[in-house]
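Engineer: Got chain V; can you put chain L on it based on the hints?
Protein sequences, first through last, are from chains V and L. If you count the first sequence from 1, position 249 lands on 249 in our numbering, and the numbers rise without skipping. If you count the second sequence from 1, position 79 lands on 345 in our numbering, and the numbers rise without skipping.
Hint data in this document are derived by calculation from the structure and do not stem from the laboratory. Glycine residues also receive a C-beta, built at the ideal position from the N, C-alpha and C atoms. Misleading hints may appear alongside valid ones.
With a straight-line cut-off of 20 Å between C-alpha atoms, the simulated DMTMM-like cross-links for lysine to aspartate or glutamate are [to be verified]:
| # | chain 1 | residue 1 | chain 2 | residue 2 |
| --- | --- | --- | --- | --- |
| 1 | V | LYS149 | L | ASP443 |
| 2 | V | LYS230 | L | GLU345 |
| 3 | L | LYS320 | V | GLU51 |
| 4 | V | LYS223 | L | GLU356 |
| 5 | L | LYS490 | V | GLU79 |
| 6 | V | LYS177 | L | ASP394 |
| 7 | V | LYS135 | L | ASP423 |
| 8 | V | LYS223 | L | GLU332 |
| 9 | V | LYS185 | L | ASP387 |
| 10 | V | LYS230 | L | GLU344 |
| 11 | V | LYS192 | V | GLU137 |
| 12 | L | LYS457 | V | GLU137 |
| 13 | V | LYS188 | L | ASP347 |
| 14 | V | LYS228 | L | ASP387 |
| 15 | V | LYS149 | V | ASP77 |
| 16 | L | LYS490 | L | GLU344 |
| 17 | L | LYS474 | V | GLU94 |
| 18 | L | LYS329 | V | GLU44 |
| 19 | L | LYS320 | V | ASP53 |
| 20 | L | LYS334 | V | GLU232 |
| 21 | V | LYS214 | L | GLU435 |
| 22 | L | LYS304 | V | ASP171 |
| 23 | V | LYS185 | L | ASP422 |
| 24 | V | LYS223 | V | ASP238 |
| 25 | L | LYS457 | L | ASP509 |
| 26 | L | LYS476 | L | GLU332 |
| 27 | L | LYS474 | V | ASP171 |
| 28 | L | LYS476 | V | ASP171 |
| 29 | L | LYS304 | V | GLU51 |
| 30 | L | LYS317 | V | GLU44 |
In silico contact screen, one side only, chain L against chain V (beta carbon under 7 Å); selected entries [unchecked claim]:
| # | residue |
| --- | --- |
| 31 | VAL363 |
| 32 | GLY473 |
| 33 | GLU515 |
Among the chain V residues that face chain L by a calculated CB cut under 10 Å, a handful are [as the list claims (entries may be wrong)]:
| # | residue |
| --- | --- |
| 34 | LEU5 |
| 35 | SER76 |
| 36 | ARG174 |
| 37 | ALA182 |
| 38 | HIS187 |
| 39 | ARG212 |
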Amino acid sequence: MPRSLWTGSLSFGLVNVPVRLETAVRDRDLHFRQIHRKDGAPIEVQRWCSEEDVEVDYDEITHGYELDNGDQVTVSDLELQAIEPRRTRTIEIEQFVELAEVDPMYFDHPYWLAPASDDDGAVRAYRLLTEVMAKTERAALGRFVMRAKEYLALVRERDGALTLTTMLFADETRPTKDIDAATQKSHKPARKQVDAAVAVIEALSEDWDPERHKDRYRDRLRKVVAQKRKGETITVPDEDKAPKPAPDLMAALERTLEELQASSSR
Amino acid sequence: MARSIWNGTITFGLMRVPIKVHSATEDKGVHFHEVHVKDGAQIEHRRICSKDGKAVPYNQVAKGYEVKKGEYVLLDQEEIDAAAGRQSREIELEEFVAAGEIDPVHYNRGYYLGAGNDGADAYRLLHDAMARAERVGLGRWVFHNREYLVAVRPLDDVLALHTMRFADELIDADSLDLPSPSRKPGEREVKIAGALVDSLSAPFAPGKFKDSFRERVLHLIQAKARGEEPELPDAPEPAGDTDLMAALEASLQGS
Numbered sequence: 001m002p003r004s005l006w007t008g009s010l011s012f013g014l015v016n017v018p019v020r021l022e023t024a025v026r027d028r029d030l031h032f033r034q035i036h037r038k039d040g041a042p043i044e045v046q047r048w049c050s051e052e053d054v055e056v057d058y059d060e061i062t063h064g065y066e067l068d069n070g071d072q073v074t075v076s077d078l079e080l081q082a083i084e085p086r087r088t089r090t091i092e093i094e095q096f097v098e099l100a101e102v103d104p105m106y107f108d109h110p111y112w113l114a115p116a117s118d119d120d121g122a123v124r125a126y127r128l129l130t131e132v133m134a135k136t137e138r139a140a141l142g143r144f145v146m147r148a149k150e151y152l153a154l155v156r157e158r159d160g161a162l163t164l165t166t167m168l169f170a171d172e173t174r175p176t177k178d179i180d181a182a183t184q185k186s187h188k189p190a191r192k193q194v195d196a197a198v199a200v201i202e203a204l205s206e207d208w209d210p211e212r213h214k215d216r217y218r219d220r221l222r223k224v225v226a227q228k229r230k231g232e233t234i235t236v237p238d239e240d241k242a243p244k245p246a247p248d249l250m251a252a253l254e255r256t257l258e259e260l261q262a263s264s265s266r
Numbered sequence: 267m268a269r270s271i272w273n274g275t276i277t278f279g280l281m282r283v284p285i286k287v288h289s290a291t292e293d294k295g296v297h298f299h300e301v302h303v304k305d306g307a308q309i310e311h312r313r314i315c316s317k318d319g320k321a322v323p324y325n326q327v328a329k330g331y332e333v334k335k336g337e338y339v340l341l342d343q344e345e346i347d348a349a350a351g352r353q354s355r356e357i358e359l360e361e362f363v364a365a366g367e368i369d370p371v372h373y374n375r376g377y378y379l380g381a382g383n384d385g386a387d388a389y390r391l392l393h394d395a396m397a398r399a400e401r402v403g404l405g406r407w408v409f410h411n412r413e414y415l416v417a418v419r420p421l422d423d424v425l426a427l428h429t430m431r432f433a434d435e436l437i438d439a440d441s442l443d444l445p446s447p448s449r450k451p452g453e454r455e456v457k458i459a460g461a462l463v464d465s466l467s468a469p470f471a472p473g474k475f476k477d478s479f480r481e482r483v484l485h486l487i488q489a490k491a492r493g494e495e496p497e498l499p500d501a502p503e504p505a506g507d508t509d510l511m512a513a514l515e516a517s518l519q520g521s
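Bound conformation, chain V alone:
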């Protein structure tokens, strides 16, 4: 069983469900270690005191915050935990929403929530919440504190279990008003153009199948490591030239549709 990152309770009205949090993401990246070129030995990163020139144990380290005037204030883990003791242990459901209303821009990291105890009452409360959220097709919003940071969290049913996604707070997403989205009237496409572009999109449409998309970067990086191990030279591919925009949108759309129709009738 993977180590849980946080344990506490999920509270829903007066019902408390003891839960543990586990990541829902597996790190598949290739990780490199820093190696000393001279002797090929791995390098360790050690924490040293800049004043005394000695190595410092992890439990002798605290958090420092530099004020505008250059002074420093130190804050301990205990002091940070005491800021919101309730939310360090409880995810309190504040409201339920329709999942489709929550824009994916807010999603951060996905986790699983599992019952933290084998106690029958706890397991039944977990099951009840899972079942009811699946049935009502709603997701729950609440806040909790983990590792000295507060998170907005979205809890919902997925594959018979509860999944929690940490979310960005509204002020952590930038406004879109500074983005040039070509909204001036002169750029509004003609109906015929939109019809043709929609036809291209429909012709290229598939059912979403996440398994079909593979991480080609990871595979290539594995190959690079294998080549290097055999002593082969790694060549860096050339950069693509920037393509020119098509001058005539309608002509490009029509040619695309012709090509798509030709390939589907083949």
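Structural biologist: Frame of chain V, contents of chain L only:
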């Protein structure tokens, strides 16, 4: 105008849409540095050779991938970068899917797209057509020497781009090994819990939720800067309710 972090072209079929990529998110967290408790001095991270115990200067550091216990294949940064493939300036939308089909766990980091040079008409056309078709385009994006699976979709007036998690990066619910209760939740419990969900349902209004912790951390820092010592309250134990039905009924009455 917001600064862009990448310029290139989205293609679908023979269509070319010049775009600029902008950050959509920003970190608002309170950041600390590591400090030695004893003397308040800053902590430095030093690279020490595990063999000779001496500090290693940066130009003596290579990247090693462990192929066997204790055996490393050394690579230069350029060799690692080669795995990104061709440094393409194009994001080809290879297929379109219904937006609602993608489970939110796949969405990783979000960006906004702006219209690139001479690309205003094409940008608007792609936006309006995707909005009408209610579809999201999928393609590959090479950014910072790494290839990503990305989804491009209309978001209000703009186009948004998201890097996506691959299926094999996600952990199944099966791995949780969930215990089963002695009996399933009863019909009445499900009904009352459903009523409670309904009574607590409201439209999603992201601005309603503020990061109160961030504010309080800053207050704590200011109080300590004035020489005040914060009180450390005992954390209250959350009340455990074992009678599920009674707790549900009481909750519904209270809501």
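Engineer: With reference to the structure, classify each hint as holding or not holding.
Structural biologist: Status of the hints after comparison with the structure:
| no. | hint | result |
| --- | --- | --- |
| 1 | V:LYS149 / L:ASP443 | 29 Å, violated |
| 2 | V:LYS230 / L:GLU345 | 14 Å, holds |
| 3 | L:LYS320 / V:GLU51 | 18 Å, holds |
| 4 | V:LYS223 / L:GLU356 | 24 Å, violated |
| 5 | L:LYS490 / V:GLU79 | 11 Å, holds |
| 6 | V:LYS177 / L:ASP394 | 18 Å, holds |
| 7 | V:LYS135 / L:ASP423 | 33 Å, violated |
| 8 | V:LYS223 / L:GLU332 | 14 Å, holds |
| 9 | V:LYS185 / L:ASP387 | 10 Å, holds |
| 10 | V:LYS230 / L:GLU344 | 18 Å, holds |
| 11 | V:LYS192 / V:GLU137 | 38 Å, violated |
| 12 | L:LYS457 / V:GLU137 | 14 Å, holds |
| 13 | V:LYS188 / L:ASP347 | 40 Å, violated |
| 14 | V:LYS228 / L:ASP387 | 47 Å, violated |
| 15 | V:LYS149 / V:ASP77 | 11 Å, holds |
| 16 | L:LYS490 / L:GLU344 | 47 Å, violated |
| 17 | L:LYS474 / V:GLU94 | 11 Å, holds |
| 18 | L:LYS329 / V:GLU44 | 13 Å, holds |
| 19 | L:LYS320 / V:ASP53 | 13 Å, holds |
| 20 | L:LYS334 / V:GLU232 | 19 Å, holds |
| 21 | V:LYS214 / L:GLU435 | 10 Å, holds |
| 22 | L:LYS304 / V:ASP171 | 37 Å, violated |
| 23 | V:LYS185 / L:ASP422 | 16 Å, holds |
| 24 | V:LYS223 / V:ASP238 | 18 Å, holds |
| 25 | L:LYS457 / L:ASP509 | 16 Å, holds |
| 26 | L:LYS476 / L:GLU332 | 44 Å, violated |
| 27 | L:LYS474 / V:ASP171 | 11 Å, holds |
| 28 | L:LYS476 / V:ASP171 | 8 Å, holds |
| 29 | L:LYS304 / V:GLU51 | 11 Å, holds |
| 30 | L:LYS317 / V:GLU44 | 10 Å, holds |
| 31 | VAL363 | 4 Å, holds |
| 32 | GLY473 | 5 Å, holds |
| 33 | GLU515 | 9 Å, violated |
| 34 | LEU5 | 13 Å, violated |
| 35 | SER76 | 8 Å, holds |
| 36 | ARG174 | 6 Å, holds |
| 37 | ALA182 | 4 Å, holds |
| 38 | HIS187 | 5 Å, holds |
| 39 | ARG212 | 8 Å, holds |
Hints 1, 4, 7, 11, 13, 14, 16, 22, 26, 33 and 34, counting from the list given before, are not met by this structure.
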